[in-house]
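Asks: Now for the letters of each chain:
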Amino acid sequence: TQLLEQSPQFLSIQEGENLTVYCNSSSVFSSLQWYRQEPGEGPVLLVTVVTGGEVKKLKRLTFQFGDARKDSSLHITAAQPGDTGLYLCAGAAGSTLGRLYFGRGTQLTVWP
Amino acid sequence: NAGVMQNPRHLVRRRGQEARLRCSPMKGHSHVYWYRQLPEEGLKFMVYLQKENIIDESGMPKERFSAEFPKEGPSILRIQQVVRGDSAAYFCASSPTTSGGLSYNEQFFGPGTRLTVL
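Going line by line, the protein sequences match chains L and C. Note that this note's numbering has the first sequence beginning at 1, numbered continuously upward. Note that this note's numbering has the second sequence beginning at 1, numbered continuously upward.
No lab work stands behind these hints, which were simulated from the structure alone. Ideal Cβ placement from N, Cα and C applies to all residues, glycine included. Some hints could be false.
Unchecked claim - Here are some chain C residues the structure puts well away from chain L; computed CB gaps all over 12 Å:
no., residue
1, V12
2, R14
3, R78
4, Q81
Claimed, not checked - Between beta-carbon pairs, the in silico distance windows are:
no., chain 1, residue 1, chain 2, residue 2, range
5, C, E52, L, F10, 42 to 48 Å
6, C, E18, L, L45, 29 to 35 Å
7, L, K56, C, G16, 46 to 52 Å
8, L, S7, C, E52, 23 to 29 Å
9, C, I54, L, V50, 47 to 53 Å
10, C, S66, L, Q14, 44 to 50 Å
11, C, G16, L, E41, 28 to 34 Å
What the hints assert, rightly or not - Computed cross-link-like contacts, SDA-like style, restricted to lysine to any residue with a CA-CA straight-line distance of at most 20 Å:
no., chain 1, residue 1, chain 2, residue 2
12, C, K44, L, E5
13, C, K44, L, Q107
14, C, K44, L, S30
15, C, K44, L, R36
16, C, K44, L, S7
17, C, K44, L, S26
18, C, K62, C, E18
19, L, K57, C, E106
20, C, K27, L, L45
21, C, K44, L, Q37
22, L, K70, L, R104
23, C, K44, L, L45
24, L, K70, C, E106
25, C, K44, L, V28
26, C, K44, L, L3
27, C, K44, L, N18
28, C, K44, L, N24
29, C, K27, L, V44
30, C, K44, L, L86
31, L, K56, C, E106
32, C, K44, L, V44
33, L, K57, L, D83
34, C, K44, L, R104
35, C, K44, L, P39
36, C, K44, L, K57
37, C, K44, L, Q9
38, C, K44, L, E41
39, C, K44, L, S27
40, C, K44, L, E38
From just these sequences and the hints, can you work out the full model?
Replies: And the structure:
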């Protein structure tokens, strides 16, 4: 059973387009992280959101944590080929310190 | 300002051999986590350790797998008598703190060890 569901699983777009990927759960998380992973490498932390309704911006990337802290979204404006990668969301549950629960990821490909 | 270091990056073993994976956390981090990534399955938690203590091993297979984080030296994930199903990418992450109450748990990952069992 996957605690975090990510959608879409695959996304292929042209440079300059906007996109949104989603991370949903029926569980509440005390914090949620977004990572990007490239082939043959480990996940790289992009952002952590903690407060329900929180919005964080990282250049062209906008991250939002749902009011109920059960879901999150990542919006990329004017995507570039360098944004290509596997985007993973991971949640920390307040009752279980330490471990992160990962979604399966969204594989994004941006074509020039 | 080194990040999390893992070695080896690639490891090939024959069925029945032992695999030892090493992880050095970021400087100042005393919490280490191991995850396994299988194709199409995403990252799965295995174990959480602090120095000389196993905090949560609920994701570890009951047999053949063990982990340690000694007072000195790297954390070690050990797989005895490897089988083909153990082939995967194994990632180590470290965290500066996991405070009680509100969990604000940022984990920083190493590059992984890709284990191939022949």
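Asks: Does each hint fit the structure? Answer for all of them.
Replies: Hints, verified against the model:
Every CB of chain L lies more than 12 Å from the CB of V12/C, the least distance being 16 Å, so the non-interface label holds. At roughly 23 Å, the least C-beta separation between R14/C and chain L is larger than 12 Å, which holds for a residue marked as non-interface. The claim that R78/C lies off the interface holds: its Cβ sits roughly 20 Å from the closest Cβ of chain L, which is beyond the 12 Å cut-off. Interface exclusion of Q81/C from chain L stands, the closest Cβ pair being 26 Å apart, more than 12 Å.
Between E52/C and F10/L, the C-beta spacing of about 43 Å keeps the proposed range 42 to 48 Å intact. Evaluation of the 29 to 35 Å hint for E18/C and L45/L yields a pass: the beta carbon distance comes to about 32 Å. Distance hint check: the CB atoms of K56/L and G16/C are about 48 Å apart, consistent with the given range 46 to 52 Å. In this structure the supplied range 23 to 29 Å is violated for S7/L paired with E52/C, their Cβ-Cβ distance being about 42 Å.
Taking the beta carbon of each, I54/C and V50/L are about 27 Å apart, not inside 47 to 53 Å as hinted. The beta-carbon spacing between S66/C and Q14/L, approximately 49 Å, falls within the hinted interval of 44 to 50 Å. Remark: the range hint 28 to 34 Å for G16/C to E41/L is upheld by a beta-carbon distance near 30 Å. A hinted pair counts as satisfied when its Cα atoms are at most 20 Å apart, and K44/C with E5/L qualifies at roughly 14 Å.
For the suggested pair K44/C and Q107/L, the alpha carbons sit about 18 Å apart, so the restraint of at most 20 Å is met. Among the hinted pairs, K44/C with S30/L is consistent with the structure: their alpha-carbon atoms are about 19 Å apart, no more than 20 Å. Proximity of K44/C to R36/L is assessed by CA-CA distance (about 16 Å); at most 20 Å being required, the pair is judged to hold. A distance of roughly 18 Å separates the Cα atoms of K44/C and S7/L; the hinted pair therefore holds under the 20 Å criterion.
Distance check on the hinted pair: K44/C and S26/L sit about 19 Å apart at the alpha-carbon level, within 20 Å; holds. At roughly 16 Å between alpha-carbon atoms, K62/C and E18/C fall within 20 Å of each other, so this suggested pair holds. In summary, the hint linking K57/L to E106/C is supported, as the alpha carbons are separated by about 17 Å, within the 20 Å threshold. Note on K27/C and L45/L: the hinted pairing holds, with a Cα-Cα distance of about 17 Å set against a maximum of 20 Å.
Only pairs whose Cα atoms come within 20 Å are accepted, and K44/C paired with Q37/L is accepted, the gap being roughly 15 Å. Simply put, K70/L and R104/L have alpha-carbon atoms about 16 Å apart, close enough for the 20 Å limit, and the pair holds. In summary, the hint linking K44/C to L45/L is supported, as the alpha carbons are separated by about 17 Å, within the 20 Å threshold. Between the alpha carbons of K70/L and E106/C the distance comes to roughly 18 Å, so the proposed pair stays at or under 20 Å and holds.
Under the criterion of a C-alpha separation no larger than 20 Å, the hint pairing K44/C with V28/L is consistent with the structure, at around 19 Å. Distance restraint check for K44/C and L3/L: the Cα-Cα separation of roughly 11 Å lies within the 20 Å cut-off, and the hinted pair is therefore satisfied. Proximity of K44/C to N18/L is assessed by CA-CA distance (about 30 Å); at most 20 Å being required, the pair is judged violated. For the given pair, K44/C sits about 17 Å from N24/L by alpha-carbon distance, which is consistent with the 20 Å threshold.
Note on K27/C and V44/L: the hinted pairing holds, with a Cα-Cα distance of about 17 Å set against a maximum of 20 Å. For the suggested pair K44/C and L86/L, the alpha carbons sit about 16 Å apart, so the restraint of at most 20 Å is met. A threshold of 20 Å between alpha carbons decides the hint, and for K56/L with E106/C the separation of about 16 Å falls inside it, so the pair holds. Simply put, K44/C and V44/L have alpha-carbon atoms about 16 Å apart, close enough for the 20 Å limit, and the pair holds.
Under the criterion of a C-alpha separation no larger than 20 Å, the hint pairing K57/L with D83/L is consistent with the structure, at around 15 Å. Pair hint K44/C plus R104/L holds up; C-alpha atoms about 10 Å apart against a cutoff of 20 Å. Pair hint K44/C plus P39/L holds up; C-alpha atoms about 18 Å apart against a cutoff of 20 Å. A C-alpha spacing of about 28 Å is found between K44/C and K57/L, which places the hinted pair above 20 Å, so the restraint is violated.
Restraint check for K44/C and Q9/L: satisfied, since their Cα atoms lie roughly 17 Å apart, inside the 20 Å limit. For the suggested pair K44/C and E41/L, the alpha carbons sit about 16 Å apart, so the restraint of at most 20 Å is met. The straight-line distance between the Cα atoms of K44/C and S27/L is roughly 17 Å, inside the 20 Å bound, and the hint therefore holds. A C-alpha spacing of about 18 Å is found between K44/C and E38/L, which places the hinted pair at or below 20 Å, so the restraint holds.
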